[in-house]
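Q: One letter stands for each residue in the lines below.
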Amino acid sequence: MRTLLKLATAAAISLGVSAGMALAKDKVKVGFIYVGPVSDHGWSYQHDQGRKAIEEHFGDLVETTYIESVSEGPDAERAIERLARSGHDLIFTTSFGFMNPTIKVAKKYPKIKFEHATGYKRAKNVSTYGSRFYEGRYVLGQMAAQISKSGTAGYIGSFAIPEVVRGMNAFMLGAQSVNPEFKIKTVWVNSWYDPGREADAAKALIDQGVDIMVQHTDSPAPLQVAQERGIKGFGQASDMIKFAREAQTTAIVDYWDAYYIARVRAVLDDTWSSTDTWGGFDKEMVHLAPFTNVSQEVAVKSSQTRDAIQSGQLQVFQGPIIKQDGTVFLKEGEIASDKQLLGMNFFIKGIDDKLPE
Amino acid sequence: MRLELVKRQEHSRLMVVVSPILAITLTVILGGGIFALYGVSPLEGLYAFFIEPLNSYWSLEELLVKAGPLILIAVGLCVCFLSNTWNIGAEGQFTIGAIFGSIIPILYPEWTSGFALPAMILMGAIGGMLWASIPALLKTRFGTNEILSSLMLVYVAQYLLDYLVRGPWRDPDGFNFPESRIFDSAHVLPKFGDGRLHLGVLIAIVVAILIWFLLSKTLKGFEIKVLGQSPRAGRFAGFSSNRMVWFGFLLSGAFAGLAGVFEVSGSIEQLTPVISPGYGFTAIIVAFLGRLNPIAIIFAGLLLGLSYIGGEAAQVSLGISNKMTNVFQGMLLFFVLACDILIHYRVRLVNPREAGNDVA
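One line per chain: the protein sequences are A and B, in this order.
Note that this note's numbering has the first sequence beginning at 1, numbered continuously upward.
Note that this note's numbering has the second sequence beginning at 1001, numbered continuously upward.
In case anyone wonders, no lab produced these hints; they're calculated from the structure.
Be careful, since some hints might not be right.
Quick list of in silico lysine-lysine cross-link-like pairs, DSSO-like style, CA-CA up to 27 Å [to be verified]:
hint	chain 1	residue 1	chain 2	residue 2
1	A	K283	A	K301
2	B	K1191	A	K108
3	A	K124	B	K1191
4	B	K1191	A	K29
5	A	K111	B	K1191
6	B	K1217	A	K104
Residues from chain B that keep clear of chain A, each with C-beta distances beyond 12 Å, as calculated [stated by the list, open to error]:
hint	residue
7	T1025
8	I1051
9	I1126
10	I1182
11	W1212
12	I1275
13	N1293
14	A1296
15	L1303
16	G1330
Which stretches of chain A does chain B cover? Using the computed rule of at least three CB atoms under 8 Å from a CB of chain B, they are [claimed, not checked]:
hint	stretch
17	54 to 67
18	74 to 80
19	93 to 107
20	148 to 155
Virtual Cβ for every residue (Gly too), placed ideally from N, Cα, C.
Can you make the complete structure from the sequences, with help from the hints?
A: What follows is the structure, given as structure tokens:
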């Protein structure tokens, strides 16, 4: 009897062990640091959608927490370290300004895995990830050139960092593929999120005669102004159709769900390693909101362009491309390297605005 | 029955001690109620907010790091405010201090001798003083309202910082992202322990004690208070109010500039577009919460720091929105100011019948 019991116990233990082996971890704690409030309906909101997607997908296998409105100054390091100290296995820091604090904290906690969005510094336990939003902007440019009668778009920029400059160039390339004479008028608002200033910029641009509105800022305000004044525009970061039912033609949607699920899966399976992911339509990191308020013709052409970029058949930055100052950026057929794209600090020919130096 | 406030002949010594305790008690009670409405057990919520941040060494260090710049700036401001000079632009002086203090690590990174760090600190103080001297000059020369001029200069300073980190001071190896190079270790303040506690925090507390001494034990302290309370009496005593405006602005500017250079060289270790979560403005609250007394300001700075750190801790441990932090800070300040009225007034219950007799 006693031997039987022993055997049974041994069996139970070995079973337990092997069950434990199948999954390297039985529960993963995932933390997020957001630069804005989760209610911004833009950048941080979309990251939080990704967090919710993880919870839904993995159920009891994950536990998630977040700290919102973390300022990109001296507070960031403390917030990240707080997550590291409270038992998190995987930490996503979702704004460029968190790069150096993330690296600092990661050095102190080598067992914890970190993922930093939009940066370029990696370590053994720090991955980076970002989206090729510029692919979406190429499609937007094509649409704008088809929709606009005046041949001029209003463009609201946040900061003249490579991300935004690249987006503006991609937009222009898309527009020029339809109308080589297309023009844009630019206002820089020096903020990612400032509904008041964004709305003022939109009004000023419309007064100057633009008839389509593009924004690289996160609030729905420019789109709402576009709707009031009866012109069309594009949403940014999230699908903003509920803010401007008659004005939004599509929106660039940051879509992190698939990436976040894959990374949590990697931690659960113990296959996580430091990587650098820069995905566009192909990796499902950029979505376009449904085409609305445009003709069937425009919608069809836009989804064809989208598919061509996704399959790699169409490259957004493929030569010949001439810089604003007349020098050659890419020769006929040449494709821009990621390094060239990441540090892009010049406008292409056709954009009249000057980069703030 | 109704309540009436009656002015006391002399301010109540008892209430000076009791009113802050009363304010904190009321905040805790009402805060507990809000937690309950939010679906969180009030005890757990209050624990996460106010106690948990105090029970680990790391967390205490972080509290000091957060409170350090608030205390340093607020101590300078209290001298200013006591002398009836209104420097609202400490945030700008903080920013210029940080910029001046960064000249060596950004433009002369090869200079790593032992003198570099003291020189940086000195330059930070000079930067803050220079920026503060603008409203002081405008006030003493043209009678310009210093509240407006010092406040407006905050935005000028912030745009200057923005221009520098996006333009000429941008990290050459940084893919054109808006931030400066990372400081060499010779340009970083010494740290204690394994955390982020740096020399600047210690200096802030020493400075608070020195200013307390200045205010309560020296003739200068007397001059500051006399000119603040009665400029006319001050003039009869031979004190110059113009000189006092300069003194207040230069001193508070120097401290704000110091806080700025401490923050970049102690905590951030590079210059970025955002270097302060509004320390210069929060310090005004800290100064008044500490009733313009440097020793009390140390505690006020710690209390406000605790409300930030506790709010962050509660987000993680209880999943509470960070709006709760703002609500708590608002409640605390409201009750502190409201309870202060008990120092100069007492509450009297008035019987309507008696009151009626009075009228008759």
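Q: Hint by hint, which ones does this structure get wrong, listed from lowest number up?
A: Hint check: 4, 6, 10, 12, 20 fail, others pass.
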